[in-house]
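Chemist: Which chain is which? The protein sequence lines are A and B, in order.
Each step along the first sequence adds one to the number in this note's numbering, with nothing skipped, and position 98 is 98.
Each step along the second sequence adds one to the number in this note's numbering, with nothing skipped, and position 73 is 73.
Take these hints with a grain of salt, some might be off.
Listed next, the in silico BS3-like pairs over lysine-lysine satisfying Cα-Cα at most 27 Å (straight line) [what the hints assert, rightly or not]:
(1) B:Lys42 to B:Lys59
(2) B:Lys78 to B:Lys59
(3) B:Lys57 to A:Lys13
(4) A:Lys13 to B:Lys78
(5) B:Lys58 to A:Lys101
(6) B:Lys57 to A:Lys26
(7) A:Lys26 to B:Lys42
(8) A:Lys101 to B:Lys78
(9) B:Lys69 to A:Lys13
(10) B:Lys69 to B:Lys58
(11) A:Lys26 to B:Lys69
(12) B:Lys42 to B:Lys58
(13) B:Lys78 to A:Lys26
(14) A:Lys101 to B:Lys57
Far from chain B by the CB rule (all over 10 Å, computed), these chain A residues [said to hold, decoys possible]:
(15) Ser7
(16) Lys13
(17) Gln17
(18) Gln18
(19) Glu51
(20) Phe64
(21) Pro70
(22) Asn79
(23) Asp85
To be clear about the criterion: a stretch of chain A counts as covered by chain B if any three or more of its residues have a C-beta under 8 Å from a C-beta of chain B, and this derived list gives those stretches [what the hints assert, rightly or not]:
(24) 19-29
(25) 101-109
These are computed hints drawn from the structure, not numbers from a lab.
Computed from a predicted model, the values in this text were never measured in an experiment.
We treat Cβ as the ideally placed atom computed from N, Cα and C, and that holds for glycine.
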Amino acid sequence: DAGVTQSPTHLIKTRGQQVTLRCSPKSGHDTVSWYQQALGQGPQFIFQYYEEEERQRGNFPDRFSGHQFPNYSSELNVNALLLGDSALYLCASSLIATNEKLFFGSGTQLSVL
Amino acid sequence: ILNVEQSPQSLHVQEGDSTNFTCSFPSSNFYALHWYRWETAKSPEALFVMTLNGDEKKKGRISATLNTKEGYSYLYIKGSQPEDSATYLCALYGQNFVFGPGTRLSVLP
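With the hints as extra help, turn the sequences into a complete structure.
Modeler: Right under this line is the structure:
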């Protein structure tokens with residue numbers, strides 16, 4: 001049973017560019033959430049996708065957008081990259097509307113130069 | 001908006017020592033409190049999910065308690081081992097997950 005997989009592992013971009021990160025949830029999970037983890041902070045909630053729609057959104061600008069596909073996999077897109085977007089981006093999968101634990105991928109380390 | 005704090009930020013203990021750290025929050029307006037262990041170069045992994053005031057959970061040498069009335073949760077590690085070295089995150093689940101900044105534990109052999 002494959003867990004949560006994320007790609008790519010590392011990415012280097014320059015300011016102003018756009019980036020797409022990908023996530024495949026754990027088998028049987030229908031919900032994908034994305035988090036940004038900067039140095040010294042806990043993961044910050046970006047948004048959550050369920051049934052191909054954004055259900056919840058954290059305090060992130062519209063430059064951050066996402067998508068969920070019929071197979072429950074998800075993408076995170078960031079436009080007009082800023083230096084401050086450099087962080088580890090974590091994807092987590094779960095079942096919708098439960099208290100059940102999150103299953104995390106190993107993350108994508110994004111560096112914006 | 002929930003604000004989750006964790007203390008200490010980091011600590012170093014000797015192998016065999018027992019230790020504990022705290023997750024604190026100002027409100028009981030949430031559905032569950034989660035603890036995660038995040039080892040370097042790995043993914044965060046769930047330890048406990050607690051929902052009720054007075055909840056106590058145990059997994060091997062690690063246990064946790066929840067006090068929603070006073071707004072804290074404790075994580076205890078008995079007889080720390082080097083493999084316990086990790087960042088321990090707590091998170092509140094309300095409308096979504098709000099994570100604390102974590103406590104980084106280093107167990108020295």
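Chemist: If a hint holds in the structure, say so; if it does not, say that too.
Modeler: Evaluation of the provided hints:
| no. | hint | result |
| --- | --- | --- |
| 1 | B:Lys42 to B:Lys59 | holds (20 Å) |
| 2 | B:Lys78 to B:Lys59 | holds (11 Å) |
| 3 | B:Lys57 to A:Lys13 | violated (43 Å) |
| 4 | A:Lys13 to B:Lys78 | violated (44 Å) |
| 5 | B:Lys58 to A:Lys101 | holds (16 Å) |
| 6 | B:Lys57 to A:Lys26 | holds (25 Å) |
| 7 | A:Lys26 to B:Lys42 | holds (16 Å) |
| 8 | A:Lys101 to B:Lys78 | holds (23 Å) |
| 9 | B:Lys69 to A:Lys13 | violated (46 Å) |
| 10 | B:Lys69 to B:Lys58 | holds (21 Å) |
| 11 | A:Lys26 to B:Lys69 | violated (35 Å) |
| 12 | B:Lys42 to B:Lys58 | holds (22 Å) |
| 13 | B:Lys78 to A:Lys26 | violated (32 Å) |
| 14 | A:Lys101 to B:Lys57 | holds (14 Å) |
| 15 | Ser7 | holds (14 Å) |
| 16 | Lys13 | holds (22 Å) |
| 17 | Gln17 | holds (27 Å) |
| 18 | Gln18 | holds (25 Å) |
| 19 | Glu51 | holds (16 Å) |
| 20 | Phe64 | holds (15 Å) |
| 21 | Pro70 | holds (23 Å) |
| 22 | Asn79 | holds (23 Å) |
| 23 | Asp85 | holds (19 Å) |
| 24 | 19-29 | violated (count 0) |
| 25 | 101-109 | holds (count 7) |
Hint compliance for this structure: hints 3, 4, 9, 11, 13 and 24 are broken, all remaining hints hold.
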